[in-house]
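J.: All chains, please: the whole structure from these sequences, using the hints.
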Amino acid sequence: MRSFKSLAVLAGAAALALSTAAFAQKKEIVIGLQCDRTGPTQTVGVFLCPGYHDYIALVNSKGGVGGAMIKALEIDHEYKVPSAVESYERHKKEGAVLIGIYGTPQTLALTQRLTEDKIAGTSPGFGAAAAANGDRYPYIFPIAATYWSQAAGAVQFAKDKLGGSLKGKKIAYLFYDNPAGKEPMPVFEALAKEEGFQMRTFAVPPPGVEMGAQALDIAQRFKPDFVITHLFGRSPSVSIKELKRVGYPLSKVVSFVWGASEADVEAAGGWAVAEGYYAIQFAGVGSDYPVLKEIAAMYKSQGKPLPKEMASTVFYNRGVLIAAVHVEAIRNAVKAKGGTNITSQDVKLGFEKIKGFSLGGLVPPLEINNVDHEGGGWVQVFQAKGGKWVKATEWFKAYPTLLKKMLASGA
Amino acid sequence: MFDWEFTLVLLTNGVLIGLMYSLIALGFVLVYKATDAINFAQGEFVMLAGFIVAGMLVLAGAPFWLGVAVAVLGMVAFGFGLERVVLRPLIGRPIIAVIMATIGLATVLRGAAPLFFGAETRSITLPISDEPFAFGPFTLPPVQVAGALLSLAFLAAFTWFFLKSRMGVAMRAVADNQQVAMAMGINVERYFAIAWGMAGIVSALGGLAWGALLGVDVHLALIGLKVFPVVILGGLDSIVGAIVGGLIVGVVENLAAGYLDPLVGGGTKDFAPYVLMILMLMIRPYGIFGKRRIERI
Amino acid sequence: MFHRESGYYKTTYAADMALYPLPIARWTVAVIALLMCLAPFFLHEYYISVINLVLVATVGALGLNILVGYTGQISIGHAAFMSVGAYTAANLAVRMDLPFWVTLPAGGLMAAAVGAVVGIPSLRIRGLYLAIATLAGQLIIEWTINHVPWISGGVQASIEVARPTLFGAQLKTQFQLYWFLLFFAVLAIVGTLNLVRSRVGRAFIAIRDHDIAAEIIGINIFRYKLFAFAISSFYAGVTGVLYTYYLGIANYEQFTLITSVDYLAMIIIGGLGSILGSIFGAIFVTLLPIVIRLGMENWGSFLFGNADINNLIPNLRLICFGGLIILFLVLEPEGLNRLWRNIRSYFRVWPFSY
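Chains as they are written, first to last, in our numbering: chain A, 1 to 411; chain B, 1 to 297; chain C, 1 to 354.
Hints are computed from structural coordinates only; laboratory data are not their basis. Careful, some of the hints might be misleading.
Taking lysine-lysine pairs in the DSS-like style, the calculated list, with each CA pair at most 25 Å apart, reads [stated by the list, open to error]:
#	chain 1	residue 1	chain 2	residue 2
1	A	K118	C	K172
2	A	K27	A	K353
3	A	K405	A	K388
4	C	K172	A	K93
5	A	K293	A	K388
6	A	K405	A	K159
Covered by chain A, per the in silico footprint, the following chain C stretches (three or more residues, Cβ under 8 Å) [to be verified]:
#	region
7	37-47
8	288-298
9	313-327
Beta carbons: idealized from backbone N, C-alpha and C, even for Gly.
T.: Next comes the structure, spelled out in C-alpha cells:
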C-alpha cells in the first residue's frame, strides 16, 4: 500500500512539475540526450555532453531552427541499461524527436524499441558496426566512423606509413577485452587476407590498468611493424607508457577513437612522453575551428568565462559534432515539412538527407542516406606532437567496397 | 618457445607490479587485522588520496611535499572520521552490514570526488626521473620501483610496529579478543581509530604511487578489485601475507599474459589470479600466512 | 481497531494454513491487486515502463533475499546468474525457436545449476570468504560468456530476441509487457511466501541462525545450502530472462558487478529476510535515481547554477545512493520492512497507545 501511495505522489508531482512539457504548437523541438557522467565512461561524458549543450545554445542564440528553440534534455544513465531504458521512456514522454544514445550496450538494448517507436537514435563512435546498414537497422544512425571503419582506417594509415604495401608485414592489435574491443576483428581478418599482412591480437582484460606483459610480448617477441590499439578508460594512457617503456616507437602506434584524448596523454605523463603517438578521430581536434570560435564568442557576449570543458577538445568537439549533425537532421526535417511541427519519422528522413555538411572541417563530409547510416566512415588521424594534437592526415575513408560487402552480408 | 630472457623480464615486471598491489592490500590488511572490518572501499580510498594529491599539485599549485603531506593528513582525518561516524555504530553487527557499509561508502566517494575535484584526468609528477632504469633486457620504470620500495618499507615498519611497539601489541590484543583487551585496560575505540588512521596513511602513499603510474581520475578506484586475490592468497590479517600475496598475483598475471594468452586467445591475465584464489579458498581459506580461525560453538 | 488479530476462529486446516488468515490482510491484498490491475489503464506509458523495471527487479531481489536474508549466505555474484539465464533463454529462443514458456524455466534451471556449482565453496567457508568466492564466480562467469562465442553469440556478445508471443500476439508495448511481467512477479512473490513457510524455508532460517546447531538437529546443511544457492540462482536466471524479453536483447554487459551490488543494496535497504522488504527495496532502489533527477530538475535551479545542474544531478545521485545505504545500515538495520512493521504495530492497537 505504502509503495503505491508514494508512486501516486510521485506521479502527481511529476505531472505537475512537468506540465510545461506538452503543447500543441511546436515552439520547441525536444531532443533526448543520454550521457554518462558518473559511470565507467565518465571521463568522456563529462566533456562530451557540455560540448553538445554548447552547440545547442549557439543554435538557439541564433534563433533556433525555423523559429523553434531546441531543447536538449539530458539524462545520465551511469552506463547502466535499465536506467538507459527508463531515460528513453522519459524522453519519449517529453516528445523527443530523436535520441542521442550513449554506450554500446545501451544502443543494443534500445534498437528494437527505437524501431518499434519509429524514433531515430544515434550511436557515434560506438554501438554495433552492423548498424551502419540502414536497410537492416532503419532507426539507428552511427553518424560517425564505426569500429569497422576505424579498423579499416587504421590499416590504411599503417599501409601509407609503411611505404604503401603491407605484404609480409606484421601488425599487432592491442585491444580491450570486451565486445567493443573485439568487434573490429572480422575486418582485420579480411584485410589481412587481402593485403597479405600477419596480425596478432593481444587482449587486455578490464580494467586494463596493467599491461606490461602484453607490451613486452609485442615489442620483444612479435616485433610488429605497426601497432593498432583499441582501448578504453584508463588503459590507453597505460598502453602509451608501457609501449614506450619496452622501447617500441610511439610513431608506429595508432589508436582508435576512444584512446585518443588529451586526458590520455596527460595521464600517460604528458605530451613529452606521448610524442609521436597517432590517434584516429571522428571529429576535428583543437580549437581552430570557426564553430568553436563562435561558441567562445557567445560565452564572451554573455559575460561568462569559457567553460573548462572546452580545453578537452577531443571529447568536447565530438559533442559539438553530434549536436551539429542532430540539428542538421532537424533542419532538413523542418525544411521538408515546411514547418516546425515535425515528428520523429521526419527527423529520421532528415538524417538520410545529410550531405556536404562539414562545419569548417570539424565534421567530415558525411553523406548519410537510407542505405548508409554511417555517412561514409570518415576518419582523420592526428599525432601528438610538440605539446598538442597535430593533423597528420585529412579526412579519408578506407576500403569502402570491402566494408560495404561486410555490412551487406554480416548484418 | 621457452625464452629465458622473456620470462625473466616478465618475472621482474610481475614482482614490481605485485608489490604495487601489495601497497593497496596493506591498507586492507591493517584495518582487518586491527578491527575485523572489511573495507570494500579500499580502491576508492586510494582514488581519494590521489585526487587530493593531484588537486593540491594542479589546482592549488602547491609544491610536491606539501601535496603529499596534505594527502596523508587528509586521509588520516578521513580514516578517523569514518571510524567514528560509520563503523562504530556497526560494531557487533553481522559481517554483511559492514561490507555493505563500505560498499555504500565507495559509491559516495565515487560520486563526491569528481564533484569536488573535477572529473578531468590529472597526472602526478613525482620528483624522480621518468626515464626507466635500463640494464640488459630489463627496463624498470622509476614509479614502480619507488612503489615497490615503499611496500617493502611499510612491511618492515609494520612488522616492527606490531611485534615490538606498545601500540602494536595493544592492537593485536584488541584484534584477538576485544573484551579481554578492554578488561586489561586498553581503550579499544582509540585503537580502532588509530588503525583506520594508519590505513589512511598507507592509502595516501598508495594513491600517490598509483596516481603517478596511472593518472588520477575516478578509474583509479578500479584497482581496488585486485585487493581480494592478494589478501586471500596471503591471508587477510597478515602484513607479510599482503606482500607475498601481491608478489604471487603480480607474477602469475604476467606469466599468464605471456604464456597462456597466445594459447587461449587472450584475457587469461584477469582470470588466473581468481582461479588461484578459489583454489586457495577451498584448500586453505585463511591464506598462506593468515591466522587459522577456530570455530567456537 | 483496524488490525485485529484476535477473535477469528478457524474451523478447517485450510483456513489455518492460508497465506492470509486475517480478513484485513485479505482485504489489503485484494485492494493492492485491484490497483495493480487498474493502474496501467490510467498511467502514462512512461510510468508503466518504470513499474515494469520495478517488477523485474523484484524477482531478482526476492531471489537474493532467499540466499542472503533467509539462509545467511553472502553472495555478490547475483548478476552473473542473471546473465546465465538470459543467454540460455536467448540461445534457446533463437536457435531452436522455443516459446517463452519453455525458455523461461530453462534459463532459470541453467542458472540454478551454475548457482549450485558456485555455491559449493559455501560448505567450507562463510562470511567474507564466501562473499569473495561469489565475487570470483561473478567475474569468471562474465569472462566465460565473453570468451565463448558459442554461448555469447559472437563478438558483440549479445543476442537479439523477439518479444514473447502469447496466443499469437506479440507483446510489444509497455502496457502488454506489464501483464507479462506482473504475472511472473506475482508468481515469484507467492512462491517465495510459500517457500519460507515450508520445511525448506525453516531449514534455511535454521542455517542462518546457527548452522552448526542446525546440523546437530539433523538438517543436512550441505544439501540445503546448495539448494538455497540453486533456488536463488533460479530466481536470478528468471530475472535475466525477463530482462531479455523486456529489452529484446541479451547482453552480459547489463549484468555486471555493479548490478550485483545494486541488488544487495535493494535487500539491505528493504530488509534482510523479509519478502515485503525485497519488494520495498526493489521499488526504492529503482525509483531513487528517477526521484532525485526529477527533484533536481524542478527545484535544483533555485539552489545551483544551470550549467552545473547536468553535472550535479548524477553525482548527487551516487552520493545519495551510497549515503542512504550507510544511513539505513546505521540507523535502521532491518530496513524499510522494519519501518513498515512499526507502522503496522502502531495500528494494531490503535486508537490505544499500547
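J.: Each hint: holds or not?
T.: Hints, verified against the model:
no.: 1; hint: K118/A - K172/C; in the structure: 13 Å, holds
no.: 2; hint: K27/A - K353/A; in the structure: 24 Å, holds
no.: 3; hint: K405/A - K388/A; in the structure: 37 Å, violated
no.: 4; hint: K172/C - K93/A; in the structure: 17 Å, holds
no.: 5; hint: K293/A - K388/A; in the structure: 18 Å, holds
no.: 6; hint: K405/A - K159/A; in the structure: 21 Å, holds
no.: 7; hint: 37-47; in the structure: holds (count 5)
no.: 8; hint: 288-298; in the structure: holds (count 7)
no.: 9; hint: 313-327; in the structure: holds (count 5)
In this structure, only the earlier hint numbered 3 is contradicted, and the remaining ones agree with it.
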